[in-house]
Amino acid sequence: MSTETDTDAELNSAEPSRSASRPARDVERRIDRRSLLRPGDGPMVIFEGVTKRYGTDVVGLEDVSLSIEAGEFVFLVGPSGSGKSTFIRLLIKELDATEGTVIVGGRDLGKMRRSKVPYLRRGIGCVFQDFKLLPGRTIYENVAYALEVTGDAPRAIRRKVPEILSLTGLSDKSDRLPNELSGGEQQRVSIARAFVNHPRLLIADEPTGNLDPDTSIGIMQLLYRINRTGTTVIMATHDRDLVDKMQMRVVALEDGRLVRDERSASYATVEP
Amino acid sequence: MRLGFFLREAVRSIRANVAISIAAIVTVMIAVFILGTFIPSYLYVQSTVNQQKSRLDLQVYVADAATTPEVAALQAEIVGLKDHGLVKGFTYVSKDEALQQFKSRLNDPSILNLLPNNPLPASFDVTPTDPSHNTQIAASLRASPAIDTTMPGNGISYAEQTANRLLSIARFIQYAGLGLIGVLLIAAVLLIGNTIRLSIFARRREVEVMRLVGATNWFIRWPFVIEGIICGVVGAVISVAALWVAKVLIVDPYVASSTDGLTKNQANTIGFASLAILLILAGGAVGAVGSGVTLRRFLKV
Ligand SMILES: Nc1ncnc2c1ncn2[C@@H]1O[C@H](COP(=O)(O)OP(=O)(O)OP(=O)(O)O)[C@@H](O)[C@H]1O
Ligand SMILES: [Mg+2]
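Protein chains in written order, with the working numbering: chain X, 1 to 272; chain G, 1001 to 1301.
Hints are computed from structural coordinates only; laboratory data are not their basis. Take these hints with a grain of salt, some might be off.
[Claimed, not checked] Computed far set for chain X versus chain G, every beta-carbon distance over 10 Å:
#1 THR101
#2 GLU148
#3 THR150
#4 SER166
#5 ARG193
#6 ASP212
#7 GLU254
[Claimed, not checked] Facing chain X, a subset of chain G residues (Cβ under 8 Å, in silico):
#8 ARG1002
#9 PHE1006
#10 GLU1070
#11 ALA1073
#12 ASP1130
#13 PHE1201
#14 ARG1205
#15 VAL1209
#16 MET1210
#17 LEU1212
#18 VAL1213
#19 ALA1215
#20 THR1216
For clarity, every value in this text was computed on a predicted model and none was experimentally measured. A virtual CB, placed ideally from N, CA and C, is assigned to each residue, including glycine.
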């Protein structure tokens, strides 16, 4: 596991690590044709007066407007039930907004046909608190699965999977089963799977929720490196220390409302 | 379509729920086996019935002494009955044709050469629209002077109502058989559906991950459809093998030892190869329908 100093050096270095950026750029051209996200210069995510109600009266999100530029790293914070997961699920059109407009990669998700949703998701990597790994398959197979499902050629799969496993520091674990790995290692696998397609947007819903502080820092470091390759990262979290350490953009939700949106910020507003 | 991937996923899934898959395979096996015995039997009964039907024609024998106008008047009356919808059609069989037909039915036709002249009368072979009209048809023709009253049935011979009743019993057996097959096929479809439902449940994590990484709906469905088809086809292949054994051990010796020409001729109502192909296709179809129905209900993508 990486030490505190390593992590800080890595997190503060402005230079993207070479191993991460080269494959990313080389794959990006191909991916954009397959996913629906438009490469253009516009913001990666736009929410315009977005309200999501479950049934008639349970509020998930209430009149949220914000915009996230391509390449940004955004923390989504707020107490339990404040709407973070709702926000995340709207981005991949697992949910539809009750009111307002959600635009991802230049696409209005409200107008997107159901049949196009798989192609939207190919351009977005997803990471969750519970990893969502397939228990009967090895680490290699878990990562390859994402490529098989999207129709990659076997040759491309054999090339890309080892590449991403080495990027995430899992090369020596590729034949293990998920239950033979620690929580932190499993989360790395799920990040490897989310990133193997080199998506332009990566969303993570409490990726460190089940992990101890040191392991969390390792995961954070990995997401940050991914962000340095140009991928937009949106991360919902409860982890105050992590957010404070990173000093990135923080979007705070409370009861579904956007209560704070600050650049280079901490988990909570510092009272003067 | 990535057949290799789908097949691997389907086989993985079958191995993961062996017991349930076997239950579905056995059901298909039973249904297909019964279908496999029913199809040849059905065709046999069908052809027998058709033969019985043709025997329900009325034979109206024409006296050798009948004058041409008398015969013409008889024919006009039959045409009239046809116009009334009682008669479907008729053919005139001359004395010579009657003799030829008789000869062809004999083992040793040369015996007829011993006869000084042709003893067979000419006749009208009248096919009723329905055998139940026979009595009425006979009654309206009986008065004609052209009829040879020395022949059986006073010159008009036809089968009785009992033959008709036999036919309806045969028909009932056919319907009952079809009903049984229908029930069995529905059971097979439902059991395959159940297998697929459990398979969907067992693989819900896979499905969830597939959705997340952007698999299309059909990409998610194919492995399940293939799993259903595999269960159906495997069940069908096993019962085809069993049917073949039954054919070799039971049916073939019976037909070979049979002295009844009818059985001999009708036993091959359908070639075994065609039957096997038909049954395997049916098994595959049952599997596809079973998984298709379940996917619609339980795999909303
Ligand atoms: N499927 C659902 N049906 C009904 N209500 C829901 C559903 N999902 C979420 N909610 C409600 O919407 C609100 C926001 O939930 P959400 O999951 O977005 O919160 P969260 O910020 O992710 O919470 P946590 O930090 O505990 O994960 C909550 O009040 C929750 O009860
Ligand atoms: Mg949540």
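### Query
Honestly, which of those hints from before does the structure not fit?
2, 3, 5, 9, 10, 11, 12, 13
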